[in-house]
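A.B. asks: Next come the chains, spelled out residue by residue.
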Amino acid sequence: MPRLVVTVNDSAMVTQLRTAISQLHGVVHVSMLRETSVEDGALEGELHNEWCRRIDELERLSDGWDGTGSKAIDKQCVKKLRKTISKASESQLEGWDVFPDAHGFLYLDFSAGQAIAGITATADKLIYFIQKSGKIQKSDGIAFTTSNLLSLLRRVNG
Amino acid sequence: MDERFPDIVGSEELVARVLFSPSYIHNGRVAPTAFRWEILPSGTVEDYISVLRGDVEGLERSTRLFKARTEGDERYGYVRLCVGEIRMIDDSLGHRVKMDVLAYPSRRMACHAGIVAEIEGEWVTARTPITPEVMMLQKKLTMLCSDIVKF
Numbered sequence: 001m002p003r004l005v006v007t008v009n010d011s012a013m014v015t016q017l018r019t020a021i022s023q024l025h026g027v028v029h030v031s032m033l034r035e036t037s038v039e040d041g042a043l044e045g046e047l048h049n050e051w052c053r054r055i056d057e058l059e060r061l062s063d064g065w066d067g068t069g070s071k072a073i074d075k076q077c078v079k080k081l082r083k084t085i086s087k088a089s090e091s092q093l094e095g096w097d098v099f100p101d102a103h104g105f106l107y108l109d110f111s112a113g114q115a116i117a118g119i120t121a122t123a124d125k126l127i128y129f130i131q132k133s134g135k136i137q138k139s140d141g142i143a144f145t146t147s148n149l150l151s152l153l154r155r156v157n158g
Numbered sequence: 001m002d003e004r005f006p007d008i009v010g011s012e013e014l015v016a017r018v019l020f021s022p023s024y025i026h027n028g029r030v031a032p033t034a035f036r037w038e039i040l041p042s043g044t045v046e047d048y049i050s051v052l053r054g055d056v057e058g059l060e061r062s063t064r065l066f067k068a069r070t071e072g073d074e075r076y077g078y079v080r081l082c083v084g085e086i087r088m089i090d091d092s093l094g095h096r097v098k099m100d101v102l103a104y105p106s107r108r109m110a111c112h113a114g115i116v117a118e119i120e121g122e123w124v125t126a127r128t129p130i131t132p133e134v135m136m137l138q139k140k141l142t143m144l145c146s147d148i149v150k151f
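Chains as they are written, first to last, in the working numbering: chain Y, 1 to 158; chain B, 1 to 151.
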C-alpha cells in the first residue's frame, strides 16, 4: 500500500493535519512516525498520540452531549490544551487523563499512588488542586497559558 | 411490582451513578466531572447528585426507562458506591465537609436518591462555581467507585 510522509516544523500542526488527512477518501490509516523535538528535548511518542486522539474525540462532542444544558467543549480551550500537550514531555503526561465537563470545559485528572490532582481548564483560566506527599496546592483560577499549564504538569509529575 | 425503599438510606447500601456518556470513562477511569449537580430542563437547580438505590436487577429495570442523551449513543452503564463511605468524606483541601445520601423518591422512580454536600456550611448546588474544593469532592467520589458496570 503506498505511503505518504509529511514533514512539519510546528508540532502543533500535527493533530489538525492528521484529522484533515484521515478525512480524505481512500486514507486507510494515519500515524505519526517522525520524532519531533519538544520544549525540554523529549520526543513525542505514544502518549502524545493518545492525548491527540482523546482531544479529537472530546472536541467532537456537541451541545447536549450529557443532557439539557451540557455544552460542546470550548474551541479555545481545546486549542490551548493541544498547544500545551505538544510542548509537554511524555513523562509529564504520565498518570493524567482528560475528560469533558458539561460546562464546556476540559478536566485533567491525575492519579498515581497517593498523589491526586485535578485541573479544570476553561477558555481563559485553570482551576486546580494538587495533593501530593501530604501537601496541598490549589487555586480558584490562574490564567490558562501554555507555560502555566506546563508548570502545573511539572509540579505533579516533576 | 413497585419496589419500596426505606426513607433513610442505609450506610450499608450501594448506590449507582448512571453514566449516560461514554466520554466519562477512559482507560478504566471514571471522570470526576461525571458526578455533577445538574440544572434540569424545568429550570430546577439540583442540590444533589442523582443516584439510584437497589440491587443490580432493580437497577437494570429502572434504567430501561432512560434514553441516550446523544442520538446514536448507547447507554453506557453505571458505577456503584457505598453510602457509608460517601458519608465518611469529611474534608476537602482543609475545608470542613459534610456529605450524605438522601432518599428522593419520585413517582416514576422509588429508588431515586441524591448525594448532598456541604462545604463550610454551604450546600453545593448546580449554581455553585467550580472550586478546587468541589473538584476534590468529585475526585473523592470517583475513588469510591467499586466497579464500572456496562448495561
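Careful, some of the hints might be misleading.
[To be verified] The calculated lysine to any residue pairs, modelled on SDA-like cross-linking and capped at a C-alpha distance of 20 Å, are:
| hint | chain 1 | residue 1 | chain 2 | residue 2 |
| --- | --- | --- | --- | --- |
| 1 | Y | Lys-132 | B | Leu-144 |
| 2 | Y | Lys-125 | B | Lys-140 |
| 3 | B | Lys-140 | B | Arg-64 |
| 4 | Y | Lys-79 | Y | Arg-53 |
[Said to hold, decoys possible] To be clear about the criterion: a stretch of chain B counts as covered by chain Y if any three or more of its residues have a C-beta under 8 Å from a C-beta of chain Y, and this derived list gives those stretches:
| hint | segment |
| --- | --- |
| 5 | 10-23 |
| 6 | 101-115 |
[Claimed, not checked] A short list of chain B residues far from chain Y (calculated; beta carbon distances all over 10 Å):
| hint | residue |
| --- | --- |
| 7 | Glu-3 |
| 8 | Asp-7 |
| 9 | Arg-61 |
| 10 | Thr-63 |
| 11 | Gly-84 |
| 12 | Leu-93 |
| 13 | Gly-94 |
| 14 | Glu-133 |
| 15 | Met-135 |
| 16 | Lys-139 |
| 17 | Lys-150 |
| 18 | Phe-151 |
Hints are computed from structural coordinates only; laboratory data are not their basis.
Quick reminder that beta carbons are idealized off the backbone N, C-alpha and C, glycines included.
A.B. asks: Each hint needs a verdict: does it hold in this structure or not?
C.D. replies: Evaluated hints:
1. Lys-132/Y to Leu-144/B: With a Cα-Cα distance of about 19 Å, the restraint between Lys-132/Y and Leu-144/B holds, given a limit of 20 Å.
2. Lys-125/Y to Lys-140/B: 23 Å, violated
3. Lys-140/B to Arg-64/B: 28 Å, violated
4. Lys-79/Y to Arg-53/Y: 14 Å, holds
5. 10-23: Holds, because 3 residues of the segment 10-23 of chain B bring their Cβ atoms closer than 8 Å to Cβ atoms of chain Y.
6. 101-115: violated (count 0)
7. Glu-3: Label holds. Min Cβ-Cβ 25 Å, cutoff 10 Å.
8. Asp-7: The claim stands: Asp-7/B keeps its Cβ more than 10 Å from every Cβ of chain Y (closest is about 28 Å).
9. Arg-61: 21 Å, holds
10. Thr-63: The claim holds: Thr-63/B sits with its nearest Cβ about 15 Å from chain Y, beyond 10 Å.
11. Gly-84: Fine: 21 Å to the nearest Cβ keeps Gly-84/B off the interface.
12. Leu-93: Given a closest Cβ separation of 5 Å, the condition is violated.
13. Gly-94: 7 Å, violated
14. Glu-133: Glu-133/B not clear of chain Y: closest Cβ-Cβ about 8 Å, inside 10 Å.
15. Met-135: 5 Å, violated
16. Lys-139: The assertion about Lys-139/B is violated, with a minimum of 5 Å to chain Y.
17. Lys-150: Lys-150/B clear of chain Y: closest Cβ-Cβ about 17 Å, beyond 10 Å.
18. Phe-151: 16 Å, holds
Comparing the model with each numbered hint stated earlier shows that hints 2, 3, 6, 12, 13, 14, 15 and 16 do not hold.
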